[in-house]
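Participant: Which chain is which? The protein sequence lines are B and R, in order. First residue of the first sequence: 1, per this note's numbering; consecutive thereafter. First residue of the second sequence: 1, per this note's numbering; consecutive thereafter.
Keep in mind that the hints were calculated from the coordinates and are not lab data. Hints should not be assumed to be uniformly reliable.
Said to hold, decoys possible - Within a straight-line C-alpha distance of at most 25 Å, the following computed BS3-like cross-link-like pairs (lysine-lysine) qualify:
1) B/K266 x R/K2
2) B/K366 x B/K2
3) B/K2 x B/K266
4) R/K34 x R/K184
5) R/K150 x B/K196
6) B/K140 x B/K415
7) B/K167 x B/K243
8) R/K262 x B/K311
9) R/K290 x B/K266
10) B/K7 x B/K311
11) B/K266 x R/K150
12) R/K290 x R/K34
13) R/K290 x B/K196
14) R/K150 x R/K27
15) R/K31 x R/K2
Said to hold, decoys possible - Computed footprint of chain B on chain R, listed as stretches where at least three residues anywhere in the stretch have a Cβ under 8 Å from a Cβ of chain B:
16) 83-97
17) 107-117
18) 124-133
19) 272-283
To be verified - Computed beta-carbon distance windows for the label pairs:
20) R/E94 x B/L426: 41 to 51 Å
21) R/N121 x B/K266: 17 to 27 Å
22) R/T196 x B/A362: 51 to 61 Å
23) B/K184 x R/D88: 50 to 60 Å
24) B/M403 x R/I33: 57 to 67 Å
25) R/D9 x B/K129: 25 to 35 Å
26) R/A237 x B/D155: 16 to 26 Å
27) B/Y385 x R/D9: 32 to 42 Å
28) B/E386 x R/D214: 52 to 62 Å
29) B/E386 x R/G97: 34 to 44 Å
We put the beta carbon where it would ideally sit given N, CA and C, even for glycine.
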Amino acid sequence: MKSYILKSAQLADGTETDIVIEDGVITALEAGAKLDAEVIDANGLMALGGFVDLHTHLRQPGSEASETILSGSKAAAKGGFTAVNAMANTSPVADNAAVVEMVFNLGIQAGYVEVQPIGAVTLDLAGEKLADLGLMNSSKANVRVFSDDGKCVSDSLLMRRALEYVKAFGGTIAQHAQDPSLTKDAQMNEGELSFKLGLAGWPASAEASIVARDVLLTEQTGSKLHVCHVSTKETVDVIRWAKQRGISVTAEVTPHHLILTEDLVKEYNTVFKVNPPLRTKTDVMAVREALADGTIDIVATDHAPHPEESKDCEWAAAANGMIGLENAASVVITAMIDTKMMDWARFEEVMSSKPALIAGMAGQGKGIAIGSPANIVLLDPSISYEVIDESESRSRNNPYLGMSLTGKIQHVFFKGRQTVSSGKVLEIDRDND
Amino acid sequence: MKHLLSVEDLSIQQSLDLLDLANEMRKTNVKEIKRLPALSGKTVANLFFEDSTRTRLSFEIAAKRLSADVVSFAAKGSSVSKGESLKDTVITLEAMGVEALIVRHSASGVAKTIADSAWSNAAVINAGDGTHEHPTQALLDALTIRNALKGSTDKSDLDGIRVLIVGDILHSRVARSNALLLRKLGATVGLCAPATLLPQTSSPLADESYLNLDEALSAKFDVVMMLRIQQERMNSAFLTGQLEYSELFGLTASRFELLPAKTLVMHPGPMNRGLEIASRVADSAQSLIKEQVTNGVALRMAVLYRLLAQEG
Ligand SMILES: [Zn+2]
Chain B
1 MKSYILKSAQ LADGTETDIV IEDGVITALE AGAKLDAEVI DANGLMALGG FVDLHTHLRQ
61 PGSEASETIL SGSKAAAKGG FTAVNAMANT SPVADNAAVV EMVFNLGIQA GYVEVQPIGA
121 VTLDLAGEKL ADLGLMNSSK ANVRVFSDDG KCVSDSLLMR RALEYVKAFG GTIAQHAQDP
181 SLTKDAQMNE GELSFKLGLA GWPASAEASI VARDVLLTEQ TGSKLHVCHV STKETVDVIR
241 WAKQRGISVT AEVTPHHLIL TEDLVKEYNT VFKVNPPLRT KTDVMAVREA LADGTIDIVA
301 TDHAPHPEES KDCEWAAAAN GMIGLENAAS VVITAMIDTK MMDWARFEEV MSSKPALIAG
361 MAGQGKGIAI GSPANIVLLD PSISYEVIDE SESRSRNNPY LGMSLTGKIQ HVFFKGRQTV
421 SSGKVLEIDR DND
Chain R
1 MKHLLSVEDL SIQQSLDLLD LANEMRKTNV KEIKRLPALS GKTVANLFFE DSTRTRLSFE
61 IAAKRLSADV VSFAAKGSSV SKGESLKDTV ITLEAMGVEA LIVRHSASGV AKTIADSAWS
121 NAAVINAGDG THEHPTQALL DALTIRNALK GSTDKSDLDG IRVLIVGDIL HSRVARSNAL
181 LLRKLGATVG LCAPATLLPQ TSSPLADESY LNLDEALSAK FDVVMMLRIQ QERMNSAFLT
241 GQLEYSELFG LTASRFELLP AKTLVMHPGP MNRGLEIASR VADSAQSLIK EQVTNGVALR
301 MAVLYRLLAQ EG
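In isolation and in its complexed conformation, chain B is listed as follows (with noise of 0.2 Å):
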């Protein structure tokens, strides 16, 4: 395997150096005489571990239109990430160890990024009966993390049975947070806006109900919660007391909904249609105080592509989501950087390690240590940039398209590989493994 030397790199703490990868690893960082290294100048760029989603969407198999596995990894890989977590509702769903395993070797197929499947809680998704949880953790995926995301699994007995159930390996169950009855045929967040555009709101207790007695199971069952995209102010409150109980609860904030707010649908524009919906100013604040002082612990992207004829049609009938990849890093930058509620140390917290531990991935977030996976972004935090429509992603609902912001993917490093340089994806040569 290639080597390489990062010239003059910035560390999360503050300190500068150089950081020498070889065979796949960090083995020093200062450079020696290794005469046979690219050299890359990354003076003026920070290095962080690479990026780890623990939520994103990859629509293969049954949706490859919209994305595949080597598009979104690419698309991830542009990002900075080296690993995402592939989530269950794809066609079939990712409820049986032949699906789960049929991802995970299209990730290493691909191999931009590791692709480590997420499972179905439920059978089909449908919130009646367990999915193979077992057997999925002891598959070739070695699944750890189950959601039925999309879904909630609203079944409360349902819930504390699969929150007992992973017990015996260590799993965790991550909860879309929503109250089905509570958010029927639900468009927008639910409040002034929503009943001025006529548009059936999805109100907030809908999300902290369900987290405050998923919370409650948890600690009944001393098993593993995380909450995925928190959305709410109440949801915080909720998750803020849980953590101070001791009960084993983690939390994603998306970057939309640390950015973008429910002003953007007054046009029924349907790129901002997502799920959970985009809030309040007063919500999008409170996420970013929880991420900052650690009651959410990480950012997760929630990129979910869809296909333009799911786009360009009436708000009622368009799909939720956004993709989110290749700009979560700005927006996070923007979003809680550039306002100085966060730091490099705790940005790489939330980015990368935290994710990492939460996902079980022992190849991921170890930073920028000798002996460490060569998993790095450079990524350059002076630019500013406005977003243009371009994407390694297979679908185009890109919610941040003009808007200006700050920090640049410019190198990423995949177990010491390098995916992208200079901002481009780079074709992956397999023969020189």
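Position chain R with the ligand relative to chain B; hints supplied.
Facilitator: Leaving out everything else, chain R with the ligand in the frame of chain B:
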């Protein structure tokens, strides 16, 4: 003005101009030959994805009185029922060459989506989008109120007039458009409904809110506008049942008795006689319901004229 999508987009001046023009149109409507050549050679398409015979007919008569050609597209039995998308339906009509699309749809925002899209260049008139807006209804109601209280030659706004809207505020596009427009024109608007049918947050649309109809009626409104209550509200825990609704929120004969003789009653129709409004009330001398329908044609003529007559 290229489209008429919502009351929110209208300035006070544009709104008053439409009311004044509608009164001019009313003069035509009582003549022997009720036809003006203004839109001769232009084609107007009624694009109704949701049944509404009265609104469709009102627009159709309005367009014909201005000599436009009118085509009607009803979703039932059309390609839409076979799964054709909104986009393809609009593109198809555009390709056939229409100057205006009059759109009624069960989903909020559809008229706006069509107007903003690359699917069509036609003028878009919102004839009711989901639970969002119904701007021509609000304009015809404002016209009816002004004519009834100030006379048809008056050109002023509605300053000082108090209007109470009663019923399913939450799901009513008529309530939204009316409250927005009446307040824009200076009127004071009160809303009255059970709490399940009012917005939960402080209402952005009303000056006053009431959970009790008798209390509302004692607050000296000049106009009481009753809304149609849908049967389906009884089935999803918004309401308890017809009897209770009628007793608590209906404009019954006995409630009507207690109102001053100058209080006017309106209803956008179609009415549930005996449910939200008693027959005696609807047919009384204080009722403006027939006048609303008459004004509907004149107002829609004014809208079509403003959107289509001046351009090329
Ligand atoms: Zn979700």
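Participant: Each hint should be assessed against the structure and marked as holding or not.
Facilitator: How the hints compare with the structure:
1. Distance check on the hinted pair: B/K266 and R/K2 sit about 19 Å apart at the alpha-carbon level, within 25 Å; holds.
2. Restraint check for B/K366 and B/K2: satisfied, since their Cα atoms lie roughly 21 Å apart, inside the 25 Å limit.
3. Restraint check for B/K2 and B/K266: not satisfied, since their Cα atoms lie roughly 52 Å apart, outside the 25 Å limit.
4. Of the supplied pair hints, the one linking R/K34 and R/K184 is violated, its CA atoms being roughly 32 Å apart against a limit of 25 Å.
5. Of the supplied pair hints, the one linking R/K150 and B/K196 is violated, its CA atoms being roughly 30 Å apart against a limit of 25 Å.
6. Proposed proximity of B/K140 and B/K415 is supported: the alpha carbons are some 20 Å apart, at most 25 Å.
7. Of the supplied pair hints, the one linking B/K167 and B/K243 holds, its CA atoms being roughly 19 Å apart against a limit of 25 Å.
8. Note on R/K262 and B/K311: the hinted pairing is violated, with a Cα-Cα distance of about 51 Å set against a maximum of 25 Å.
9. Proximity of R/K290 to B/K266 is assessed by CA-CA distance (about 35 Å); at most 25 Å being required, the pair is judged violated.
10. Taking the CA atoms of B/K7 and B/K311, the gap is about 44 Å. The hint is violated against a cut of 25 Å.
11. Proximity of B/K266 to R/K150 is assessed by CA-CA distance (about 36 Å); at most 25 Å being required, the pair is judged violated.
12. With a CA separation close to 19 Å, the supplied pair R/K290 and R/K34 stays within the 25 Å bound.
13. Distance check on the hinted pair: R/K290 and B/K196 sit about 29 Å apart at the alpha-carbon level, beyond 25 Å; violated.
14. The hinted pair formed by R/K150 and R/K27 meets the criterion: a straight-line CA distance of about 17 Å does not exceed 25 Å.
15. A hinted pair counts as satisfied when its Cα atoms are at most 25 Å apart, and R/K31 with R/K2 does not qualify at roughly 30 Å.
16. Counting residues of the stretch 83-97 of chain R whose beta carbon lies closer than 8 Å to any beta carbon of chain B gives 3, which meets the minimum of three for the stated coverage.
17. Check result for the stretch 107-117 of chain R against chain B: holds, 8 residues qualifying (beta carbon to beta carbon below 8 Å, three or more required).
18. With a threshold of 8 Å between beta carbons, the proposed coverage of the stretch 124-133 of chain R by chain B holds, since 5 of its residues qualify and at least three are required.
19. Closer than 8 Å: that is the beta-carbon criterion, and the stretch 272-283 of chain R has 0 residues meeting it against chain B, so the requirement of 3 is violated.
20. For the pair R/E94 and B/L426, the beta carbons lie near 45 Å from each other, so the given range of 41 to 51 Å is met.
21. Roughly 23 Å separates the CB atoms of R/N121 and B/K266, a value that falls within the hinted 17 to 27 Å.
22. Under the hint 51 to 61 Å, the C-beta atoms of R/T196 and B/A362, about 53 Å apart, fit the expected range.
23. The supplied range of 50 to 60 Å is broken by B/K184 and R/D88, whose beta-carbon atoms lie about 29 Å from each other.
24. At about 58 Å, the CB distance of B/M403 to R/I33 agrees with the hint of 57 to 67 Å.
25. For R/D9 and B/K129, the hinted distance range of 25 to 35 Å is not satisfied, since their beta carbons lie about 51 Å from each other.
26. For R/A237 and B/D155, the Cβ-Cβ distance of about 21 Å falls inside the hinted range of 16 to 26 Å, so the restraint holds.
27. Checked against the given bound of 32 to 42 Å, the beta carbons of B/Y385 and R/D9, roughly 34 Å apart, stay inside it.
28. Here the CB-CB span from B/E386 to R/D214 is close to 59 Å, well matched to the stated 52 to 62 Å.
29. Between B/E386 and R/G97 the C-beta distance comes to about 39 Å, which sits within the given range of 34 to 44 Å.
Going through the hint list in order, the structure does not satisfy hints 3, 4, 5, 8, 9, 10, 11, 13, 15, 19, 23, 25.
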